[in-house]
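Asker: Residues per chain are reported as follows:
There are 4 protein chains.
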Amino acid sequence: MDFKSNVPIYLQVIADLKARMLKGEIRPGDKLPSSRELAVTYEINPNTAARIYTEMERQGLSYTRRGIGTFATEDPSVLEYHRNLELKRIIGEFISELESLGCRIEDIPGLIEEYK
Amino acid sequence: MDFKSNVPIYLQVIADLKARMLKGEIRPGDKLPSSRELAVTYEINPNTAARIYTEMERQGLSYTRRGIGTFATEDPSVLEYHRNLELKRIIGEFISELESLGCRIEDIPGLIEEYK
Amino acid sequence: MDFKSNVPIYLQVIADLKARMLKGEIRPGDKLPSSRELAVTYEINPNTAARIYTEMERQGLSYTRRGIGTFATEDPSVLEYHRNLELKRIIGEFISELESLGCRIEDIPGLIEEYK
Amino acid sequence: MDFKSNVPIYLQVIADLKARMLKGEIRPGDKLPSSRELAVTYEINPNTAARIYTEMERQGLSYTRRGIGTFATEDPSVLEYHRNLELKRIIGEFISELESLGCRIEDIPGLIEEYK
DNA sequence: GTGGTCTAGACCACT
DNA sequence: GTGGTCTAGACCACC
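Chains as they are written, first to last, in numbering that gives the first Met the number 0: chain A, 0 to 115; chain B, 0 to 115; chain C, 0 to 115; chain D, 0 to 115.
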């Protein structure tokens with residue numbers, strides 16, 4: 000995690016967990032670390048750790064069983080849904096940012112080759 | 000301008016002015032609107048307008064003559080420099096975000112076609 | 000702080016903090032007072048206090064962790080760099096001002112002795 | 000003149016005229032250019048040119064004969080007085096700025112040798 | 001008229 | 001509680 004970044008830490012951690020779920024490193028239904036463990040491993044404030052699961056749950060990425068723990072969603076389509084949503088957002092922002100610099104969609108492959 | 004966006008207004012306006020400079024709509028050395036005019040046309044507070052020119056000057060995009068006004072930089076290379084820097088940043092972020100979703104560089108053209 | 004000076008207050012405070020960092024009174028990584036504390040101790044507006052940290056961060060003298068606070072830079076070389084830059088500026092201006100009064104570099108020690 | 004500098008233009012011009020008086024390029028009692036000429040040669044606003052002589056007169060560096068023009072002061076001691084005043088100011092500021100960077104008066108000769 | 005600075009007070013997201 | 005942003009309105013020096 001980059002503590003100096005302007006991206007909120009809780010979003011950085013969620014992105015990390017989400018990426019691991021997409022990679023299959025975390026599988027549907029797997030138990031996620033407790034928020035206290037999260038706080039320790041990511042070296043973040045317990046409040047922040049708690050917020051992470053609140054937010055993930057809100058997004059349907061995880062669910063909680065009281066007294067037992069938090070688990071990765073068992074519904075793979077939720078993941079797929081999020082993935083598509085993000086793709087759309089990322090690509091949309093990418094294109095509009097490029098256009099504001101005067102680039103055209105056709106130029107993209109060349110630009111990526113040049114600037115990657 | 001999107002006043003509800005998470006992107007600060009002053010950055011939105013700067014991006015707008017920068018884009019117009021890249022397009023050649025604003026030319027090197029051109030007088031920019033006074034901060035008070037800026038406040039009126041963009042419907043923002045004079046204070047925020049002032050901040051815009053402070054920040055643009057810091058980035059070398061404009062310079063100020065006291066009591067006269069603010070002018071677009073006369074050095075086109077500054078613009079080019081900013082353009083390249085931004086391109087690199089945008090493309091870099093784009094690729095790393097895609098990779099965190101499990102996409103590969105080779106997939107990009109297809110993805111853009113699909114999600115644009 | 001001299002509120003009547005032509006030097007803006009926020010620059011005076013920055014100079015003060017910078018000097019304390021150079022003296023070692025504030026050490027690399029130390030937490031700096033919150034902008035609200037700064038406002039109280041220097042008897043300035045919270046807004047002005049915020050500006051101080053914005054500017055210091057821009058100069059690489061401090062960094063910010065959202066929701067936590069502002070910290071003195073952990074990289075002592077930044078400080079050294081600023082010190083050298085300032086020294087060069089101060090001495091350069093000093094010499095050119097003296098020369099415009101018809102003094103020579105050789106005269107400086109005598110002048111300082113005489114006018115200090 | 001440096002139009003981008005933060006130093007007011009009228010002060011830059013005054014400094015220039017003063018320096019030429021100290022060098023003897025302009026002699027006591029010499030006619031100074033009319034404010035219109037000043038405006039043309041220095042490429043400044045007529046208002047600014049007028050202000051220059053107002054200010055110089057206030058400082059005793061010049062005097063005006065209505066309908067004839069503005070002249071350099073005939074009293075060399077005024078110049079000497081200004082020179083000493085400036086020297087004191089310059090050296091005072093120099094020393095206090097150096098001290099705020101943790102330098103001592105004894106270090107000055109070495110510093111000048113190093114950074115000039 | 002122009003930009004530069006400051007006060008005053010508010011709202012927001014993040015920790 | 002912390003910084004980041006914004007509005008509102010004021011004063012100043014400069015051109």
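Derived from the structure by calculation, the hints contain no laboratory data.
One or more hints might be untrue.
Copies of the same chain look alike in the list, so a pair counts if it fits in one copy or across any two.
[Said to hold, decoys possible] Lysine-lysine pairs mimicking DSBU-like chemistry, simulated, CA-CA at most 35 angstroms apart:
id, residue 1, residue 2
1, Lys-3, Lys-115
2, Lys-3, Lys-30
3, Lys-30, Lys-87
If you're wondering where the values come from, they're calculated on a predicted model, not measured in any experiment.
Asker: Can you give the numbers of the hints that this structure goes against, from lowest to highest?
Answerer: none
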